[in-house]
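Visitor: Residue numbers (my numbering), protein chains in the order written: chain B, 82 to 583; chain P, 511 to 984.
Treat the hints as calculated values from the structure; they're not laboratory data.
Treat the numbers as computed from the prediction; the structure is a model and nothing was measured.
Glycine included, each C-beta is placed from N, C-alpha and C at the ideal position.
Be careful, since some hints might not be right.
Which chain B residues face chain P? A few, computed with CB under 10 Å, are given here [stated by the list, open to error]: (1) Asn153; (2) Ile157; (3) Thr159; (4) Leu266; (5) Val401; (6) Ser403; (7) Ile408; (8) Leu478; (9) Met479; (10) Pro480.
When the alpha-carbon atoms are kept at most 20 Å apart in a straight line, the in silico SDA-like pairs for lysine to any residue are as follows [to be verified]: (11) B:Lys165 <-> B:Leu177; (12) B:Lys165 <-> P:Asp518; (13) B:Lys135 <-> B:Asp122; (14) B:Lys212 <-> B:Arg363; (15) P:Lys837 <-> P:Glu870; (16) B:Lys113 <-> B:Arg136; (17) P:Lys752 <-> P:Lys837; (18) B:Lys113 <-> B:Gly134; (19) B:Lys165 <-> P:Asn521; (20) B:Lys135 <-> B:Trp112; (21) B:Lys165 <-> P:Ala519; (22) B:Lys188 <-> B:Asp371; (23) B:Lys165 <-> P:Ala524; (24) B:Lys93 <-> B:Ile132; (25) P:Lys804 <-> P:Ala788; (26) B:Lys165 <-> P:Lys752; (27) B:Lys212 <-> B:Asp371; (28) B:Lys165 <-> P:Leu523.
The primary structure of each chain is shown beneath.
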Amino acid sequence: MYNYGFRSYASKEDFFERSKTFWNPGKTQFWKDFGIDLVIDRREEYFLYDISGKRLIDVHLNGGTYNLGHRNPELIATLIEAMKRFDIGNHHFPSLARTALAEELAKVCPGELQYTIYGSAGGEAIDIAIKTARHARQRRKIVSIIKAYHGHTGLAVCTGDQRFSKLFLSEGAPQDFAQVPFNDLDAMERALKGRDAAGVLMETIPATYGFPMPKEGYLPGVKRLCEKYGALYIADEVQTGLMRTGQMWAITKYGVEPDILVTAKGIGGGIYPLACAVVGKRHAGWLKQDGFGHMSTTGGAELGCVVALKVLEICQRPEVRSFVQYISELIGAGLREIQALYRDFFIGIRQNGLVMGLEFDHPRGAMYVMRALYRNGVWAIFSSLDPRVLQFKPGILMPRELCEELLDRVEVSIGEARREVRGLRKRARPENARRSPAARRSAELVTEVGHAVGRNRLKQARDEKTGALSGSDHPRGAAGGSSVSGDEDLGRNSTGARTWQN
Amino acid sequence: MAELIAPDAANELALDLARVRMMVGRARWAAGAFSRLDRERTLRIAHAAAEAGFARAAYYAEKAVRETGFGVAEDKRTQIELCTRGTFGYYRRELLVGTRLDPVRRLVAVARPAGVVFALTPSTNPVSTVLFKIICALLTRNAIIVSPHPRAKICSAGAARVLASAALRAGAPDGAIQVIDEPSLELNEALMCDPRIDVILATGGMSVLRAAHRSGNPAIGAGPGNVPVLVDATADAAKAAKCIAASKSFDNSLLSTSESVLIVEEGIADRLLRHLKAYGAHLCSPVERDRLRKYLFPGGRFEAAVTGKHAVWIAGQAGFRVPPKTKVLLAPFDLAVPEEPFCREKLFPVLGLCRVRYAEAGIDVSRAILRYAGGGHSAAIHSRDPGTIMAFASALKALRIIANNPCSSGTVESDGSRAPSIVIGTGYYGHSSVGEDIGPHHLINWSRISYSKDAGEALGYCDEPEGPQAKNAV
Ligand SMILES: Cc1ncc(COP(=O)(O)O)c(C=O)c1O
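Hey, can you work out the whole structure from these sequences and the hints?
Guide: So, in structure tokens, the structure goes:
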């Protein structure tokens, strides 16, 4: 019996039935078929709790929505204060909170970005950005990246994978929406050459495509092409912004000053939906021509704006920069050690700060890993547009102990997934894995004694230490017990739909 | 202007607390990284920080006096110099990072930093205490968060930042030194209970000490002093007078180690007072004494304005004039009882004066003084009779006994006989877990590897192979 006040459910099954009946049968069944029976109940810090009580470390974070942790107490306190005075607000009038946030965004955004136009979801803000670019340039065409993901609203959906637009007969006119491969400047130039593009819409590091890293010079190259052919550069910082890369916006890390910047997800701190398109002064002409040209009753709700101000304040603290640095170093190093164990399966680590994609040598490798992680208490999600790659997004305020625990769980889970994929029955260790990184991490304590430990003595100490562990499996590895195994189960479900998430 | 959103007090505290809790998280990361550094790098960092503090000693001494309104800039400078370069110099050779071996008992000890130190610092010696605690933390690879006294928060935070940036440049992990800019009592109380704090290093009054130990975290407390100084008939009167006058007037008596009540054996009293006069002490007449008492303790409570003020100024406020060279006011009284205000701790250059017939009676008065305040702290004696000194030390509830020296020695300057320290652990008598001068060694534990007696098995490597010091450590 699960009683939530607003509703109670006799069992998890009962809940799933109702979810299928009244909410979304396809999605509900998809995860069930997958062996992932998560119903998120309690949540706090970087933890999710299934209604069974099972705890998961959240490294999905809904693409950065929960950057600062679930139900961050500072944000809750801020929202409670705001509610004593404000509500959503009246979108027809100049607004205290909306103006304050816009002013702050102008301060923290690069270059000439000045005006903020509000929505309540990322897709909506992308639509606003597209409309703004079209008005500014008086052109219709929008160029985006193949396998890009910008949301499912009317215009945004036309810039992404056709799977989501075709379903609803909502593909844009081909002459209005062009798509080019990522990291290909020539293709970009061909798309822009006709001088008919209003804007280029770019995720700084495409998330749903598994975070492939932009090549050296690619993004600045795109910006130069935009300038050359009169198109606006629209940076989608929905997943990469707000300190995930160690800087407020990833785009500035790549040396680009966009004409429009879109932020969503994390800007509302996971407790109040909000999305913003921040636009350069020169391109915001419609705001003067017809200020009522675009509107949204709940877009830029004042309560959300007050929360967002707090989010920005937190993100600018020196502590946060420090956290990101420490976490990305520790997790990066830990992942490389795990990779050394499973080189034949775990073939790539894409990383910029805490934006990470883990690449596996199997067409749906990340799905196996996701499932193994779920069994072992970690929630991370595969990239729906490239299921070889697992999106791995640790929180930007994670404590060290939790990072170490996370790595222990990841190590075991990748090993399990590898065995499943390779059809290995025995829990044999791969050749090159003489000792586990978990053992090595604890062996690091040895270095704490200081320098006098000679190099070979140290190595010897480590070997001895590892020797003790290498005989048996890692203690946390015992979780096991998956109900679903084998290649056939992955990537399909009863409704025949493919993957849906982002 | 109306405040747009003015949080109520509870919510405001929640917000402030969340802010500083983030500092603790950062400190934990820093501590993790710090614990991996070797001795050489650790010393380089501590040295850089100590020198940076030393170089700015005069500046921050001046700032401290201006911000708090008490003390003597020149004296504070001396003390800051001791707490930075002096402290580093004293401890640089001590093994605080690395391993030690005891071949006889077949023990190997490994130094282990505490992790995150939460330091509470006072308004009386703000900068010196902050810097001393930071140097101790750096010498032992600990991260430290300083919560300065609200009355001295600006100079304390400024000085801490000077050390933080010097340490960072020398290779300290990011966030190893942090300071709370807007400290408050409530914030301290809450932060002390944070389970991610590894040890609290608290300097302050009894309530602060009690709160630190109540927190559930390991705590080292440096409580208030109330120093009796006994001069018996065998003493060298000239030397005693010199020591007492210097120690009592240093920084206008803001040190917890400075003498509070002078107890003098009748036989030497007049001689001692003559010498004291030569060193700038003014013996108050009964009328002056009564005015002083009335001014200093209106309604039985302290007049806060006198803390760390100059003797001449205090006399003026009390309504009598003293020679301009006066550095100490001597206030005679007969009965050492709790209702006698001159028996209490006096963070200003007024020294209680009590004549006794015999040394034994002087010991009783000294005991009484410490009963009222300052238990577990310091006491001083001037005597040529080791028997009296031993009797004095054994009878008093004091843990830091100074014989024939200024009681503030070690906290003002170091002649090498005492380690420099401005943080005095007041022990069980004073509600603290440590009963000695605090130094970096209190911020580490030792992991001890005990080998079997089989001499054929090799012992582990170590930094300090043999010698008596090594054995002491293990
Ligand atoms: C990069 C990117 N842009 C835009 C969006 C759309 O945001 P929303 O779902 O809030 O409409 C997403 C959502 O996942 C995203 O990842």
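Visitor: Determine for every hint whether it applies to the structure shown.
Guide: Do the hints match the structure? See the list:
no. : hint                  : verdict
1   : Asn153                : holds, 8 Å
2   : Ile157                : holds, 9 Å
3   : Thr159                : holds, 7 Å
4   : Leu266                : violated, 36 Å
5   : Val401                : holds, 8 Å
6   : Ser403                : holds, 5 Å
7   : Ile408                : holds, 8 Å
8   : Leu478                : holds, 6 Å
9   : Met479                : holds, 9 Å
10  : Pro480                : holds, 6 Å
11  : B:Lys165 <-> B:Leu177 : holds, 15 Å
12  : B:Lys165 <-> P:Asp518 : holds, 10 Å
13  : B:Lys135 <-> B:Asp122 : holds, 10 Å
14  : B:Lys212 <-> B:Arg363 : holds, 15 Å
15  : P:Lys837 <-> P:Glu870 : violated, 30 Å
16  : B:Lys113 <-> B:Arg136 : holds, 18 Å
17  : P:Lys752 <-> P:Lys837 : holds, 12 Å
18  : B:Lys113 <-> B:Gly134 : holds, 18 Å
19  : B:Lys165 <-> P:Asn521 : holds, 12 Å
20  : B:Lys135 <-> B:Trp112 : holds, 17 Å
21  : B:Lys165 <-> P:Ala519 : holds, 14 Å
22  : B:Lys188 <-> B:Asp371 : violated, 25 Å
23  : B:Lys165 <-> P:Ala524 : holds, 16 Å
24  : B:Lys93 <-> B:Ile132  : holds, 8 Å
25  : P:Lys804 <-> P:Ala788 : violated, 27 Å
26  : B:Lys165 <-> P:Lys752 : violated, 65 Å
27  : B:Lys212 <-> B:Asp371 : holds, 13 Å
28  : B:Lys165 <-> P:Leu523 : holds, 17 Å
Of the hints listed earlier, those the structure fails to meet are numbers 4, 15, 22, 25 and 26, in rising order.
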